[in-house]
Amino acid sequence: MTTAVDLHDVQAIVLRPRPEPYFGTHLFLHIDDARGGRELLRRLAPHVASAADWENAGDDQIAVAISYPGLVALGVPEDSLRSFPEAFRVGMAARAEKLRDYGANDPKNWEPPFGSGQIHIQVSIVSDAEDKWRSAMETAQRQVQGLSGVTVLLSQDFGAQPGSLNSLGYKDGIGQPAIEGSGVEPLPGQGQPINAGEFILGYPGEAGVPLAMPQPDVLGRNGTYVGLRKYQSRVGAFNRFLKENGQTLEDRELLAAKLVGRWRSGAPLTLVPAKDDPALGEDPRRNNDFTYASDPQGKQVPLGCHMRRMNPRDTKMAVLTDVNVHRIIRRSTTYGAPYDPNAISEQDDERARGIYFLCISAKVMNTLEFLQQAWINDGGFMNLADERDPLVGLQEEGSTFSIPKKQVRRRIHGIETFNVLRGGEYLFMPSLSALKWLADGTGRHG
Amino acid sequence: MTTQTKVKRGSEQSSDLEQKVQKLRELYADAPEIGKAALENVIRALQSAAPAKGPEARSGSAGRIGRRQGKVSELTVLVPLAPGGARRLRGFLEALHGSIGNELVDMVGTVHDMRFVFLDNDTKLLFCTAYDGDWDVYIEDFATKIPDILDLQFGDTEGWPGVRSPKVKDHIASHQITAAFWYVANPGLTVVETKRLERIGKATEEFLDKIS
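Heads up: the sequence lines are chains F and Y, in that order. Under the numbering used here, the very last position in the first sequence is 446; numbers go up by exactly one each time. Under the numbering used here, the very last position in the second sequence is 658; numbers go up by exactly one each time.
The set of hints was computed from the structure by calculation and includes no laboratory data. There's no promise every hint is true.
Selected chain Y positions facing chain F (in silico; Cβ < 7 Å) [to be verified]:
#1 Glu-586
#2 Lys-591
#3 Ile-595
#4 Glu-639
Just so we're clear, the structure is a prediction, and the values are computed from it rather than from any experiment. Backbone N, C-alpha and C fix where the C-beta goes; we use that ideal spot for every residue, glycine too.
Construct the complete structure from the given sequences, taking the supplied hints into account.
As structure tokens, then:
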């Protein structure tokens, strides 16, 4: 049974893929008084793109998301506030224990303003061309300018250039979940479409019923949640790891591919296990078209690599798991200096460079906690004991990464944390009608 | 006075112990003689024992309710049964015992053990289990993968909303009682890891057989 999603009411960023190449800015705003906050939403609302116009994919997009303190600051009525899930209300920093954000990733090491409760609204502007991005930025800035009651806390430009590679030098964003009723044909290898309710509030999820939704309906329906994670890429540590464990450039590139499951170009090891194939990596109709049926032991794509952990597909797992209920829509945005293969110093680890990772789902707090606990900072589900995700796992002293081989597996000792968490927020991404509802202050007391 | 000198010279740990001893003596002041005598024996043993090493495993909460030691958590639920519920549930458990039921639990891969106990003339169910990780992490997987088994196991308890319901977590938590004490012999061993070590142990012995 297909339930058509009301695409005109869903924000574009939820269902429309990130353009490539991409240019953009994240603005983090604080609402000083409710009237100013509502006025900002009223001005922004007409510019927020909907998911309906697929032919416009690549045009400038403006997306708006609001944190729980932001909803409070907007004067949303008490009974509405109470209808949001606990994890969202307390915020990502307060859930550090559940997210395994310890040590280097501990919220006390985050950069301001993250985790302080100061971030109320995130506005993301993204475009496929520099000039379009600039004009969209001007549009957004015009709405903020001369508006009292709203303060810009942080403005972060992003964009991966050249070649759309991320901060560790990989093409990313491949392999998104296919969503039922989203009006797009799944790409080869995306698998059966997943019920829309997993990603958008108000529709049946995989269990056949809609997830709990914020009230009233106009506020919750067609909305979703965003988990924002700001990662600093420790490029020096990453390159040192490749250098110490690979003799030749070919060895190092194969090791880099084994960590992710894909070559730098995006070409999957399942299809090209021996050598990168940039044309394959480039082709969305081919670069995700595979299963693990012929690679149950991970001799091509290691069981513990990033791609296989985040979407095990048909891998036989040690723990009863429904892959479809743990998928997320990923909107990765790379910021800072481009990846430099020659950077190997410790200073390079701290050079501003990394990823603002946005994951989107109708239950993103649950999903992120699941991923952090079970698929990222543990290896049990893949029979890998305590091994962790090589890209976003928090590695402890003496951590290992196993590469299954024909004879005896190779176990590399001393893998470090390559992406350190420097900030995070849970945000609610309202539908277009909810944005208007919030701007009007409907239902507000007094 | 002797105690005070000891505290000053000793480590923080021994002062900790003295405080505990004092608390226990106060607590047992009105205990039966057998209890009092046993406590004094235990205190002597504690005082002469080597200072305890810090706990190896992280001990704490198993998510929002229940206790955890290392990777292993406990869940204890006491819930009223619907009329006739005990008879049905008993029959269901017996029918599945040792066959498909156990296979299904094996498949889950995070459950160490489970017990179903009927109390108060079959009007209440006591359900206890030891499992890996936080209790609610895999509940969505259960809801889509084995919903019928869970609805049969708990459908006869009062107010069960169905495992697919968004309210199921709140419902379970509302009947859950956190254990006062939770001991785990191997806090670092999950069900999956135990099975893996079992396989490795066997393979190692076979290997040694071959080369000896």
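Quick rundown of the hints versus the structure:
1. The interface hint given for Y/Glu-586 holds, since its Cβ lies 4 Å from the closest Cβ of chain F, which is under the 7 Å cut-off.
2. A distance limit of 7 Å between C-beta atoms decides the matter here; for Y/Lys-591 the minimum to chain F is near 5 Å, and the interface restraint holds.
3. Given hint, Y/Ile-595 at the interface with chain F, is violated; its Cβ is 11 Å from that chain's nearest Cβ, farther than 7 Å.
4. For Y/Glu-639, the interface hint holds, the least distance from its beta-carbon to any beta-carbon of chain F being 6 Å, beneath 7 Å.
In this structure, only the earlier hint numbered 3 is contradicted, and the remaining ones agree with it.
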